[in-house]
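Visitor: What follows is each chain in one-letter form.
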Amino acid sequence: AQSVTQLDSHVSVSEGTPVLLRCNYSSSYSPSLFWYVQHPNKGLQLLLKYTSAATLVKGINGFEAEFKKSETSFHLTKPSVHMSDAAEYFCVVSETEVTGGGNKLTFGTGTQLKVEL
Amino acid sequence: DTAVSQTPKYLVTQMGNDKSIKCEQNLGHDTMYWYKQDSKKFLKIMFSYNNKELIINETVPNRFSPKSPDKAHLNLHINSLELGDSAVYFCASSPRPSGNYEQYFGPGTRLTVT
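Line by line, the protein sequences are chains A and B.
Residue numbering for the first sequence follows our numbering, beginning at 1 and increasing consecutively.
Residue numbering for the second sequence follows our numbering, beginning at 1001 and increasing consecutively.
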């Protein structure tokens, strides 16, 4: 069974400062990990994904995440946030179900990022 | 050129009614999904189809019935709507059912049951 824990439900930072959104996962297999972003009243957009290649993954809009197997973590960072980064961020783990072959995403509970002037 | 589209965007209906939500993807993907996002923003998978065949069926009341007429479409029909069905429903697609593939999400359908 797989699970995801996002350690902070809300994070507030000032514009132009760095941000860290924390995520820990649990998986029975070698997982694929994703970060998705959801702006208010919008669908989900993929920021970046890890699929057992490089452990430091670069995504869109200056975000990056580092896969640390020993810590079972996949934290998301950005060196300098913009007002437009204010949104809900979801850490996601994916396993292929052995029996049915389905690609089952398990979502974390989300972290709301607030960016202040 | 919308990749994953859903209709309607908003749906307000009364308890006991039957309603459908439609989803279409023009990405040529084999696999489609339905997710439910509750009022606390928690997202949970409901169903997945690969090439019109059901491959994931989570613990969902049998009032919910998905239907995939072809691999570009996955519709969700809900019978006897209840207050607890109020949520945002997202459709998604991926090239294959494997865990390595990212999923592309539609804009969501906000269902309100009164």
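Keep in mind the hints are simulated off the structure, nothing from the lab.
Errors might be hidden in some of the hints.
Have a look at the derived ranges for each label pair, beta carbon to beta carbon [said to hold, decoys possible]:
id, chain 1, residue 1, chain 2, residue 2, range
1, A, S52, B, S1020, 35 to 43 Å
2, B, K1040, A, S28, 23 to 31 Å
3, A, H82, B, A1003, 21 to 29 Å
4, B, R1096, A, S70, 24 to 32 Å
5, A, L46, B, H1077, 22 to 30 Å
6, A, T17, B, H1073, 41 to 49 Å
7, B, Y1010, A, E71, 24 to 32 Å
8, A, E116, B, D1070, 23 to 31 Å
9, B, N1100, A, S9, 27 to 35 Å
10, B, T1007, A, S9, 42 to 50 Å
11, A, P18, B, T1013, 18 to 26 Å
12, B, N1051, A, M83, 25 to 33 Å
13, A, S84, B, G1016, 26 to 34 Å
Built from N, CA and C at the ideal position, the CB exists for glycine as well.
Visitor: Take a look at whether the Cβ-Cβ distance between S52(A) and S1020(B) falls inside 35 to 43 Å.
Guide: For S52(A) and S1020(B) the Cβ distance comes to about 39 Å; the hint holds.
Visitor: Starting from the range 23 to 31 Å, see whether the pair E116(A) and D1070(B) falls in it by beta-carbon distance.
Guide: Since the Cβ atoms of E116(A) and D1070(B) sit about 48 Å apart, the hinted range of 23 to 31 Å is violated.
Visitor: Kindly confirm whether 22 to 30 Å is satisfied by the beta carbon distance between L46(A) and H1077(B).
Guide: Given about 28 Å between the Cβ atoms, the range holds.
Visitor: Taking 24 to 32 Å as the stated bounds, is the beta-carbon spacing between R1096(B) and S70(A) within them?
Guide: holds, 30 Å
Visitor: Can you tell me whether the CB distance of Y1010(B) to E71(A) sits inside 24 to 32 Å?
Guide: With Cβ atoms ~42 Å apart, the hint is violated.
Visitor: Quick one: are K1040(B) and S28(A) within 23 to 31 Å, going by C-beta?
Guide: holds, 26 Å
Visitor: Return holds or violated for the Cβ distance of P18(A) and T1013(B) against the range 18 to 26 Å.
Guide: violated, 45 Å
Visitor: Between T1007(B) and S9(A), does the beta-carbon spacing fit 42 to 50 Å?
Guide: violated, 32 Å
Visitor: Starting from the range 25 to 33 Å, see whether the pair N1051(B) and M83(A) falls in it by beta-carbon distance.
Guide: violated, 43 Å
Visitor: Cβ-Cβ distance between H82(A) and A1003(B): within 21 to 29 Å?
Guide: holds, 25 Å
Visitor: For N1100(B) and S9(A), compare the CB-CB distance with the range 27 to 35 Å and indicate the outcome.
Guide: holds, 29 Å
Visitor: Could you say whether the range 41 to 49 Å given as a hint is met by the Cβ separation of T17(A) and H1073(B)?
Guide: holds, 45 Å
Violated hints, listed in ascending order, are 7, 8, 10, 11, 12 and 13; each of the other numbered hints is respected by the structure.
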